[in-house]
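> Residues per chain, in single letters:
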Amino acid sequence: MPHDHHDETDASHPHALLPSEPALRVKALETILVDKGLVDPAALDAIIDYYEHEIGPHIGAGLIARAWVDPDFRKDLLRDADTLIDSLGHGGRQGEHVVVVENTPETHNMVVCTLCSCYPWPLLGIPPAWYKSDAYRSRAVREPRAVLAEFGVSLPADTRIRVWDSTAEIRYLVLPMRPDGTDGMSETELAALVTRDSMIGTGLITTGLITMAGES
Amino acid sequence: MTRIHDMGGRYGDGAVKPDAPEEPVFPQEWHGRALALTLAAGALGRWNIDASRHVRECLPPADYARFGYYEKWLGGLANILVAQGIVSADEIAAGRALGPADDSLRNRRLAAEKVVPVLRSGGPSSRPVDTAPRFAIGARVTTHPIAGNQAISGGHTRLPAYAAGKTGTVVLHHGGHVLPDSNAHFGGEAPEHLYSVSFAAGDLWQHAESPADEVCLDLWDSYLTPA
Numbered sequence: 001m002p003h004d005h006h007d008e009t010d011a012s013h014p015h016a017l018l019p020s021e022p023a024l025r026v027k028a029l030e031t032i033l034v035d036k037g038l039v040d041p042a043a044l045d046a047i048i049d050y051y052e053h054e055i056g057p058h059i060g061a062g063l064i065a066r067a068w069v070d071p072d073f074r075k076d077l078l079r080d081a082d083t084l085i086d087s088l089g090h091g092g093r094q095g096e097h098v099v100v101v102e103n104t105p106e107t108h109n110m111v112v113c114t115l116c117s118c119y120p121w122p123l124l125g126i127p128p129a130w131y132k133s134d135a136y137r138s139r140a141v142r143e144p145r146a147v148l149a150e151f152g153v154s155l156p157a158d159t160r161i162r163v164w165d166s167t168a169e170i171r172y173l174v175l176p177m178r179p180d181g182t183d184g185m186s187e188t189e190l191a192a193l194v195t196r197d198s199m200i201g202t203g204l205i206t207t208g209l210i211t212m213a214g215e216s
Numbered sequence: 217m218t219r220i221h222d223m224g225g226r227y228g229d230g231a232v233k234p235d236a237p238e239e240p241v242f243p244q245e246w247h248g249r250a251l252a253l254t255l256a257a258g259a260l261g262r263w264n265i266d267a268s269r270h271v272r273e274c275l276p277p278a279d280y281a282r283f284g285y286y287e288k289w290l291g292g293l294a295n296i297l298v299a300q301g302i303v304s305a306d307e308i309a310a311g312r313a314l315g316p317a318d319d320s321l322r323n324r325r326l327a328a329e330k331v332v333p334v335l336r337s338g339g340p341s342s343r344p345v346d347t348a349p350r351f352a353i354g355a356r357v358t359t360h361p362i363a364g365n366q367a368i369s370g371g372h373t374r375l376p377a378y379a380a381g382k383t384g385t386v387v388l389h390h391g392g393h394v395l396p397d398s399n400a401h402f403g404g405e406a407p408e409h410l411y412s413v414s415f416a417a418g419d420l421w422q423h424a425e426s427p428a429d430e431v432c433l434d435l436w437d438s439y440l441t442p443a
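Chains A and B are the protein sequences, given in the same order. If you're matching positions, the first sequence starts at 1 in our numbering and goes up one per residue. If you're matching positions, the second sequence starts at 217 in our numbering and goes up one per residue.
Chain B on its own, in the form it takes in the complex (with noise of 0.2 Å):
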């Protein structure tokens, strides 16, 4: 069982509504100022991408569900920061610090001059792979039949629920990869290979509106068998 987060092929949303050309980055200033934070905090090196999407995974799903795309960013944060033990409980409810962080953390703060050199070279996933990739260009998968994680229950996964038990064609090796499933709880990165996995429409949906339409995801070695 997945979570509240995966909702690709879900019926009932609605019609998706185009912005304006002129719509702003940042339609609120508190939209860029939660963007800035959570980035800020990230660069304390306490949690990794992994983490970070499966904190805001775990959030209820009624909040999930009800809260914005920034609102998921903050309760999200807010969550890793207890977890990490670098916010208490009770400053969250005061709204205020109880107390300095440790010297070795505060030695981390993300200075302002840092701020463009870390956003322009960003956090590389790609790792090598001592081990000859699996599948070629061409060869056909089939995907876990269980969209979840293989070790934790209700753990990090990125393999839809969509695409579970599906069977599909290699189209790209992306070389080797850090594991999220791994990663996300902090179990080593685990790098494996990744490949984009091509799926025929009218093997994924049970009304396809075009079934040699294709949906592509990047899977890694782990989640895929020979078909």
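So that you can see chain A by itself, here it is in the shape it has in the complex (with noise of 0.2 Å):
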């Protein structure tokens, strides 16, 4: 993703004094919408705490495990997850309208946005870059299991992929499998389990996975 690169590494320089090119461009677009009286700069605060610290795929992630011990709630969730999610407050820009898709032995189902990229921002928080991506925008699609591969996923040859390409504002969260040897675990420590990847359907959730879960 060669156009993402600078992104990425500019702000690690830690003697880079002047602000990059972009940075420049936004503070000139935010200073003429302020003088103009069009833009609150305490608003955009406000947007961006939101987004760095009220969402985040800890939501998405306390479904999922309560779907896992709730029988119930599992069944609204595949059924009517609009619904459900509404009652819960976690509805919002770019989730209005949810469907979540369940992984089975049988069906792996992942995400993507081909066209932009749409993504389900109240349960999984801003999408990360690799989801922005032109390689996985454009791969995706064409070819999951290789693309799958590069997050050191591999599926049965057996298992058939789904992968959802969000062209509408349907947003899709992937339910992931209630990895083995969880029996006697609380709520609370399978929400810790489940990865912001496994929820976009590009990673698998495994008990030796906990130390990564760091996510949530």
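It should be emphasised that the hints constitute simulated quantities derived from the structure, not laboratory data. Fair warning: there could be bad hints in the mix.
[Stated by the list, open to error] Label-pair restraints from in silico Cβ distances:
1. A:Asp49 to B:Gly339: 16 to 24 Å
2. A:His53 to B:Gly404: 34 to 42 Å
3. A:Gly181 to B:Lys330: 26 to 34 Å
4. B:Gly339 to A:Asp45: 33 to 41 Å
5. A:Glu21 to B:Gly261: 48 to 56 Å
6. A:Leu24 to B:Gly230: 25 to 33 Å
7. B:Lys233 to A:Asp82: 30 to 38 Å
Predicted model only: the values in this text are computed from it and were never measured. The beta-carbon is built from N, C-alpha and C at its ideal position, and this holds for glycine as well.
Both chains are given apart, each in its own frame, so use the hints to dock them into the complex.
The structure is reproduced here in structure tokens:
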């Protein structure tokens, strides 16, 4: 993803005293809109704070863990996610219409948006850079197995992969399979196992990955 | 002919690079600023989500290809602000306001205390449609042979080129939803039934990894004909 390269590296230069060029352009546009009385800088701070601190994959992980322990909740989540999500107060921008798709030994679901980068923001937060990269957008539909291999995921040949290309305002959330050996775990412990990538379909959950479940 | 954004199935992009577990939400401070500025400007109510997508797709291909995600947002935002007459090209060039906005627009400024309620309520695209859905779950349907806006040359559409003229199976019906092909051009919401249609990988790709794998797309009624 050559176009993302500078996005990921510039901020880590400890001696970069001058802002990057796009940083200057954002500042210029912000100045224009604030001076014209159209944007309140405090509102910008509030938006950033909301997406940095209020929402994120921990919300989706909570839904998944509860679906694992509560069969009625699981049924409702798969049948009518919107009603359930609204009742829990987890609706919002880029998550107005949600469909939850269930992974099974027969079917593995994976989500992409080839035309832009649609993603269930209220449940998973802001999408990671790789989800928005040209490489993921172009290849996930044509060679999902090769893409999954880049995430360290290998599926049996007889597991059917279903890739959801989010072309409308429906946002897809993957309900991963509950890993073996978790029978005695509480809902909170289970939620800590659920990774962001497992809810996009580019990751699997195993109990061996507990230490990597830091996203929640 | 579609535009540069329509990249599903394209070759040559290289490997996907998964992020580190502790990757920050906004890897650079200006990323969050660009996102917030775009949402705050959108809250002025002078365009809709389909128009904002289209303005990004209309960036020159060379810019689209070299811009990162938030640079595309920023480029699209500047263009739509100018197209809507909210900011002038002279102001963009000068990097400063050359006069205040109209009171009617200033009155729509998003207040900080409204941010969370606005983000939490979102903007649903579901709409009532007074006709019965044309296709049942399990119906075989064929997509429009050309992935382009059927009314406007170079206009917005959500049928990707890789899925044009293909036959698949309806797997979900989502009810009525705003039609982006109309709404992006301020031609009204023109809601239509929306379906998820599943295509066999072997029907989409010359060299499918596994022909029985599937790709599902959300497609509006006018994109489809009975197969």
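> Look at each hint and say if it fits the structure.
Hint check results:
Checked against the given bound of 16 to 24 Å, the beta carbons of Asp49 (chain A) and Gly339 (chain B), roughly 21 Å apart, stay inside it. Judged by the Cβ atoms, the range 34 to 42 Å given for His53 (chain A) and Gly404 (chain B) holds: they are separated by roughly 38 Å. Our hint of 26 to 34 Å for Gly181 (chain A) and Lys330 (chain B) is violated, since their Cβ atoms are close to 47 Å apart. Restraint check, Gly339 (chain B) to Asp45 (chain A): a C-beta distance of roughly 22 Å breaks the suggested window 33 to 41 Å.
One distance hint, 48 to 56 Å for the beta-carbon pair Glu21 (chain A) and Gly261 (chain B), is violated here, with the actual separation near 30 Å. Range check, Leu24 (chain A) to Gly230 (chain B): about 29 Å between beta-carbon atoms, so the 25 to 33 Å window is met. The hinted range of 30 to 38 Å is satisfied by Lys233 (chain B) and Asp82 (chain A), whose Cβ atoms lie roughly 33 Å apart.
Figure legend: structure checked against the earlier numbered hints; hints not met, in rising order: 3, 4, 5.
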